[in-house]
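Trainee: Once you have looked at the hints, place chains R and Z on chain A.
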Amino acid sequence: MRPANGYFFEDYAVGQAFDHAVPRTITQGDCALYQALTGSRNPLHCSEPFAQLLGYPAMPVDDLLVFHIAFGKTVPDISWNAVANLGYADCRFVRPVFIGDTLRAQTTILGLKPNSSGKSGVVYVRSSAYNQRDELVLTWVRWVMVHRRAAAGGAAPGEGCTAFADSVDAGALRKPLKAAAGTTVARATGSDRFWEDYAADAEIRHPAGMTLDETDHTLATKLYQNTARVHFDLKHMQSSRFGKRLVYGGQVISICRALSFDGLENALSILAINGGSHLNPTFAGDTLYAVSRVLGKWPVDAHHGALRLALFGYKNVDPASAEFNDNGEAQKVLSLDYTVLMPRRGG
Amino acid sequence: MRPANGYFFEDYAVGQAFDHAVPRTITQGDCALYQALTGSRNPLHCSEPFAQLLGYPAMPVDDLLVFHIAFGKTVPDISWNAVANLGYADCRFVRPVFIGDTLRAQTTILGLKPNSSGKSGVVYVRSSAYNQRDELVLTWVRWVMVHRRAAAGGAAPGEGCTAFADSVDAGALRKPLKAAAGTTVARATGSDRFWEDYAADAEIRHPAGMTLDETDHTLATKLYQNTARVHFDLKHMQSSRFGKRLVYGGQVISICRALSFDGLENALSILAINGGSHLNPTFAGDTLYAVSRVLGKWPVDAHHGALRLALFGYKNVDPASAEFNDNGEAQKVLSLDYTVLMPRRGG
Amino acid sequence: MRPANGYFFEDYAVGQAFDHAVPRTITQGDCALYQALTGSRNPLHCSEPFAQLLGYPAMPVDDLLVFHIAFGKTVPDISWNAVANLGYADCRFVRPVFIGDTLRAQTTILGLKPNSSGKSGVVYVRSSAYNQRDELVLTWVRWVMVHRRAAAGGAAPGEGCTAFADSVDAGALRKPLKAAAGTTVARATGSDRFWEDYAADAEIRHPAGMTLDETDHTLATKLYQNTARVHFDLKHMQSSRFGKRLVYGGQVISICRALSFDGLENALSILAINGGSHLNPTFAGDTLYAVSRVLGKWPVDAHHGALRLALFGYKNVDPASAEFNDNGEAQKVLSLDYTVLMPRRGG
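Chains as they are written, first to last, in the working numbering: chain A, 12 to 358; chain R, 12 to 358; chain Z, 12 to 358.
There could be a bad hint or two in this list.
Which copy is meant is left open, so a pair is good if it fits within one copy or across any two.
[Stated by the list, open to error] Derived pair list, reagent style DSSO-like, types lysine-lysine, alpha-carbon separation capped at 30 Å:
| id | residue 1 | residue 2 |
| --- | --- | --- |
| 1 | Lys-255 | Lys-189 |
| 2 | Lys-308 | Lys-255 |
| 3 | Lys-189 | Lys-130 |
| 4 | Lys-343 | Lys-246 |
| 5 | Lys-186 | Lys-343 |
| 6 | Lys-308 | Lys-343 |
| 7 | Lys-255 | Lys-343 |
| 8 | Lys-246 | Lys-189 |
| 9 | Lys-186 | Lys-246 |
| 10 | Lys-130 | Lys-186 |
| 11 | Lys-255 | Lys-186 |
| 12 | Lys-308 | Lys-130 |
| 13 | Lys-189 | Lys-343 |
In short, the hints are calculated from the structure, not lab data.
Isolated chain A, as found in the complex (with noise of 0.2 Å):
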């Protein structure tokens, strides 16, 4: 069982396995909460009758709720001991998940690399997230820094730690159910921009910005049932080098998510994320904006496309201003490279 100050980095063991505390199911609640949350507007999920035209018997959850209520599982076994969340990748998003639904959560231990530093490693993990049918809805490799318990030697990362591919192979990619009528999809949307229309190498800069407020970050991640440290306590991070709270990544990118509609109003799912990191802190009071970039896009079906898309998000600095180009680099705070099932045109 779990030690009461959690694990440490010498406590893994590469091929170790867990089964994450608490299942949850999902409810109309949560979903309503993460609107209010991030200012979500895609309708296929907060439009029933749009979601049934796609052919989903139901609303299915946001995929980023998803992907936040199975991460948070993996926090009290993985991150408890946490110096930071490193990076991203093979995360898929293999089955829809709808209200009513339970998830639970399993992580594997893939590779240990101790740093060279002595005072911690990079655990690289491959997790996992289960329907009530036991069936795969999610799965994803992260890999992040991990305190050790006493000092020791670093050594060269093993095979586990790099073996990860650039980005999920198309093949293995979630198929789409049914397709509707683009007047249909652009009606519900606001926007007849389909897959057709995004050039590679485009650059879509949102036009919307959205302050974070404390009880915003602390509400979401409570609801997503994370526990680290970091996004808590107060009294415990004034004597970090922060000085205060530190936003969870994953809203950050729930946020910069939901900026990017403006613009991508058509790209409904998320299939998978295929990179991603956490370039600087944010904390409450920030003001997060959002930049797209297509890096590649392939057909489908006759109905549908793929867009492979960079999504960056920034902090105090509108990329519609003229400080972006002097100061942006400085102030991104994310770097997400994720896959999106797009309708086609005539779909």
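Mentor: The following block gives chains R and Z in isolation, referenced to the frame of chain A:
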């Protein structure tokens, strides 16, 4: 399709119609959040058995939550580039909305009045919300000052800018469903003050006050999918004349309505908003108080009567305090003229 | 009917009974908000399959959410003019409450003790909550200091002010439904520490802390429809001795209970609150920590045992830190004596 930076005054034409994006299914979560954000205690919206006693198949959704969600849909097309929301007229709550219903909204441009400043103009619109059966649930007129792309001369208002009645005609109001016994109603609301007990011109100084914090109004406004920049983007607002984010005026209405429960406990349903205006901006940290005045009353049937009420909202000055007489007027933030349905004593 | 400015001490009489206003149907939204506001991880309240394994037809509503909602109903009639909530006794959680149930509350005045100051008195009450089938779900005694309208002399307490047992009798506690296998429970809660593993007098210093912000406690208190002015009205509180809003003591209980999950993961249900008091006020910005002590234990049946626990809450001093020994006592905000049901190892 909507320009990336939204519509400006000169983009509108009288008679132009908009089908707004993002249909929205209302859930138990939305209603619980509305309660947590307003402190509402109207039993019609929080007690299923009470709603059924009044002839509803289930708890109807709070009238103002319906208004805010429908209003939010119009923002991207109508008030994305607004200077200020100036007024409302002929707002009728036509049909109850239930959990599980899906709302969409449409707007027609009624009139356009170029301002003499040359920098903006006033857009007069009729917006309407429909449920998933295409039944009208709510309709209202509002006028909003919108920026111009380029300066131009002013002009006199056309007919579409002026043809609004002072109040909604009594014959146009929604009819009550079923009456419950007065004692049944009084037990649920805690008040045996019924329609007969409110004299014309009577003033009610509601005893409670409520302070709004930053997350209170931003959560609400995100829940309503209202994207007006002034509520969310602190970085942007720091360079405005306010220097900070503005509270969505609709949330001020909701808070004042909830505060008015103490004194108007049996004002169960809003039938119409005859008119209204926001007189001063409200910011996080402000404490709101409410005063009601009875503007008129008429019987509806043997069991119900209508009250036409003025609802005044004040910030940072308690109507029960001595300073209210000196400072109340200057601190007034809201003047709303609306009509409610109330059971009669014998009801 | 209740006076517009509420009841004062001299308005009450021993034996007087109140049917409190505003019946309340509990929804999925209430439960999700409770989770977001507390960070609760008890699987009994967030996993439908787990609740069913324990013999419940569905997830029961968190015991403390039931308490807060029922308590909130009593505020307008009992503690609108309260100086302070002094203590609790004989609080029994009689029946589980489910989503869709509608709660109402009643209170009887047990005793009245005029304070020697002449400005206030202590009101002793028994409150009870019922579901829509008029089944008792919760009952408790509390005593609360209430302002007088006019000064008057003090007096000795009558019998109704003193006749409270030190703890709820074991025979009066709710019986468990069905037992699940220990491994099943441990998988859900993440802990294989069962009833046998808690020794009398054992102390558990729960590892996590949680900072409360202004919106955290006001959202909670509005969700509970608790209208006590001290939590909401900053303008009013600025002229109090605190200079700011007070956090509802019940929310402090909820946060400390949620923090106690790490170390008491299998304390699935609260059977009774034997007594409790709020020792210091809590304000926005305070970070709460929790310590539990085992006060007693007894077997309930072959599969379950009861633990009587003291739950202590502290603000701004971490029980794991050196300063706790010096400052803990002064920073104590809560002392709650309660009884939980816990599976036995073989369960």
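Trainee: Would you mind marking each hint as holding or not holding in the structure?
Mentor: Going down the list of hints, with the structure as the test:
Proximity of Lys-255 and Lys-189 under a CA criterion of 30 Å is satisfied in neither setting, with 47 Å inside one chain copy and 45 Å between copies. Proximity of Lys-308 to Lys-255 under the C-alpha cut-off of 30 Å is found in neither arrangement, the shortest distances being 41 Å within a copy and 41 Å between copies. In this homomeric assembly, Lys-189 and Lys-130 never come within 30 Å of each other (Cα to Cα): the closest approach is 52 Å inside a single copy and 47 Å across copies. Taking the shortest Cα distances, Lys-343 and Lys-246 sit within 30 Å of each other both inside one copy (27 Å) and across copies (15 Å).
Proximity of Lys-186 and Lys-343 under a CA criterion of 30 Å is satisfied in neither setting, with 33 Å inside one chain copy and 56 Å between copies. In the homo-oligomer, the alpha carbons of Lys-308 and Lys-343 lie at most 30 Å apart inside one protomer (25 Å), although the nearest pairing across protomers, at 55 Å, exceeds that limit. For the homomeric pair Lys-255 and Lys-343, the shortest alpha-carbon distances inside one copy (19 Å) and between copies (23 Å) are both at most 30 Å. For a Cα distance limit of 30 Å, the shortest separation of Lys-246 from Lys-189 qualifies neither inside one copy, at 51 Å, nor across copies, at 42 Å.
For the homomeric pair Lys-186 and Lys-246, neither the shortest alpha-carbon distance inside one copy (47 Å) nor that between copies (40 Å) is at most 30 Å. For the identical chains of this complex, Lys-130 and Lys-186 are neighbours neither inside a copy (44 Å) nor across copies (50 Å), given an alpha-carbon limit of 30 Å. For a Cα distance limit of 30 Å, the shortest separation of Lys-255 from Lys-186 qualifies neither inside one copy, at 43 Å, nor across copies, at 45 Å. Taking the closest pair of Cα atoms, Lys-308 and Lys-130 never come within 30 Å of each other, the shortest separation being 42 Å inside a single copy and 42 Å across copies.
In this assembly of identical chains, the alpha carbons of Lys-189 and Lys-343 never lie at most 30 Å apart, being 37 Å within a copy and 53 Å across copies at closest.
Checked against the numbered hints given earlier, the structure breaks hints 1, 2, 3, 5, 8, 9, 10, 11, 12, 13 and satisfies all the rest.
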